[in-house]
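K.L.:
Use the sequences and the hints to build the structure in full.
In order, the protein sequences belong to chains A and R.
Letter 10 of the first sequence, counting from 1, is numbered 10 in our numbering, and no numbers are missing.
Letter 644 of the second sequence, counting from 1, is numbered 1644 in our numbering, and no numbers are missing.
Don't read these hints as lab results, they were simulated from the structure.
Take these hints with a grain of salt, some might be off.
Claimed, not checked - DEER-style ranges, computed between Cβ atoms:
#, chain 1, residue 1, chain 2, residue 2, range
1, A, Q41, R, D1632, 57 to 63 Å
2, A, A57, R, P1652, 20 to 26 Å
3, A, M1, R, A1765, 55 to 61 Å
Glycine residues also receive a C-beta, built at the ideal position from the N, C-alpha and C atoms.
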Amino acid sequence: MMRVTTHKHGAPATLKVEGKLAGPWVNELEKTWRNITAEDQEREVVADLSEVTFIDAQGWDLLERMMESGAELQAHELLPRYVIGEIKSRLALR
Amino acid sequence: MPVAKPLGPTNGDSWGQLPICPGALPVLFYKRARMSTEAAARLTNSAVYQDFFESSPDAVIVTGSVGEILEVNPQAVQLFGYSREELLGQPVELLMPGRFREAHGGHRRAYEAAPRTRAMGVGLQLVGRRRDGGEFPVDIMLSPVNTADGSFVLAVVRDVTDRKRAEEALRQSEQLFRSLVEGVKDYAICKLDTEGRVMSWSAGAARITGYRAEEIVGQHFSRFYVPEDLAVGAPARQLSGASRDGRIELENWRVRKDGSRFWANVIITALSDKSGRLAGFAAIWRDITERKRAQEALVLEVTSVLLSSLDIRKLLSAISSSIRQVKPHDFAALALYDPPAEAMRLQLLEEHDETGLPAQEWVLPVTDSPAGRVFSSREPLMLNGLKAGDLGQDPLNRWVELGVRSLCILPLISEMRPLGVLIVASRAESAFDASDLHLLAQVANQVALTIDNAQAFRQLADLNSRLAGEKRYLEEELKTEYNFDEIVGESQTLKRVLKQVETVAATNATVLIQGETGTGKELVARAIHNLSSRRDRTFVKLNCAAIPTGLLESELFGHEKGAFTGAISQKTGRLELAHEGTLFLDEVGDIPLELQPKLLRALQEKEFERLGSTRTIPVDVRLVAATNRDLDKMIASREFRTDLYYRLKVFPIRVPPLRERVEDIPLLVHYFTQKYAQRMNKRITAIAPEVMAALTRWTWPGNVRELENFIERAVILSRGPALQAPLSELRMPEPETEVAPVASLESAERDHILRVLRDTKGLIAGPNGAAAKLGLKRTTLNFKMRKLGITRKDI
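P.N.:
Structure (structure tokens):
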């Protein structure tokens, strides 16, 4: 189960993700993210992954694409923070 | 004996013609009385009338005003035994018994006073008297004749002895018939006219209906019909049917005078006159209410017994005893339609060793067999006087060979659906008649209803049992942590495995997952299920090593109540629970050798039987099996069947040990640390690099499970924001575990037992035996030896 809470009106727009970023929920997060950027491609997006407890392979891929597109990924917890670090490392190697 | 004094027609009497009167008696008259000699001569000499007079078939007597006989014809002479000469001039009373003579004078005078053509003594039995004194019944027609020569009386006398005799016989016959009719108290017998009005009414009819004859004669017979039958015009239809067919017989309700109803057996027969025209109807009713009630009570009892027998085995026994109450027989069977086989499968209702064949092997075709014809036409069939060979190749011919001579086959129909047939057989030559057919048909209706109920009940019970089992299982599942396929890792090794999972998941292929303990074989199995089209159905897991050998079969296949000691209720097996879902057999290498063929059959045939049941249950299950044991070695040591191995190894997936995907360790460490920190409500935000380095270096013989347990321990030990791992635990060198970490305990146990057995030179029991040295019971050691594949040749 995953929950995404969106704040579109602020600057930047924020997506707070809670639970497991895996399976079908990955698509849900991607849809929400694309809805925001569809309105304004230059819109700054911050994804708060602090409450994410699990990220599967598709979740990794999505987060990587979001980061590549300019979204900022934030987290305080160990796992998402580690994942974000790993993604940053991979992007840096490209 | 009276002596006739000749009067003679010589005194001038003559023949004349009388007016023709009803009755067609000869109408000649002989004129007399004071007639002139000429007149008499004319009469005598009239040849024409003489012929008429003499050829009359009846006796003709001409009398004068005082009753004297003036002339007689030859028939009168013959009838009374007097000669003509003896009669002429004699009083006519000479021809009647003496007891009537005195009164006759008065009658004669009364007639003379008012003469007219009429029968004599209407309403009286007239008697004539012969010359020899013999008496005989007569009819007499009198006609007065007045002529110019005077008046006289013409009497035409007919001997009615034969007619009276016939009438008496008829009277006696009618009296006998009436006494019979009146004496029959159990039947209502009545005659109806062509319109249906009651013409006659028997005592039995009065007794049965309550109507007296005087109340009902002239009334229409429809008053005995119940309103439901009147509404559909049953009386007219039944009379019409009797008129058309000559006779109808039926059973129906009738109404008494007091409004109460009785169940009547009714026969209406059309009556015709001599010309063949409808003259009316004879209706006979019999009150068979008691018989009807007895039949209904029997059928009700049968129904009650049958309906209470929803277990199919008890049901067959109940049907058998019910039919036996209705009709004694030698064999009885149900043949129920099996749609996949497009045939009927015969089930004997009783055990008959002499049939020689198990009942389930009897298959009756629905096309070319008596039972098939009954099933197709839905019409019952009676076969009496059967001889060997009459039924050809039909399986029922086996019964005929065993002496069966009569068969009664009835369709089993419930809610317009044919379910099969009921077959009752007897060794008697003509065992069944229409009444048996009628009663057995009622039983068959109840049997059909019951079978339908039993089948529906069984389906419901099965479904209910399966749903209950599924619910229990899912509740247990919810309590576990594995409610999502949390396969953590980003290594290429793991990704290759996940690619395989993705590839095979979409198919229904059996998957064999092999890997060391703790590598996540169950997670892979769940991933296969969750990615398959069966994801909406149940994923059922069975750890073959976690269940005692004796209970594994029951756990896998389920059992019926009473199947073995302790089976106090029916149990749905995991195989059945997983219908249309996925069955995950973990530690499949631990399935006992003796159970493997049964599992193989279930996998190949996609059907199985519960323990203690003969009913085959079809299943659609996708099997995913897993083991940490080397099945190839087990096959070599004959611990695992080759056929089962190849049946399982359709799509093998090897889950790598953690030491082969070291790069996933940091992610796993972060994952587990966060997981347990949150669970323990701790805030751990950092993992020291040296800790991570130590964790990455470790070989993790217990793989991910070991790592997870280690992290859980570390989280428990952590008192600050940094993970404090008990790294000292990771410094113990365990070379054996590096080589064969999974099998070590098992092989160590095997080696140890073998060593002790060698020490005792193979002796197991006794104070110096291996069991005693190992501190085990002899039976436990034997069990372990079997489990570990230790045989004599290994010692």
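K.L.:
With reference to the structure, classify each hint as holding or not holding.
P.N.:
Hints versus structure:
1. A:Q41 <-> R:D1632: 57 to 63 Å: 58 Å, holds
2. A:A57 <-> R:P1652: 20 to 26 Å: 22 Å, holds
3. A:M1 <-> R:A1765: 55 to 61 Å: 59 Å, holds
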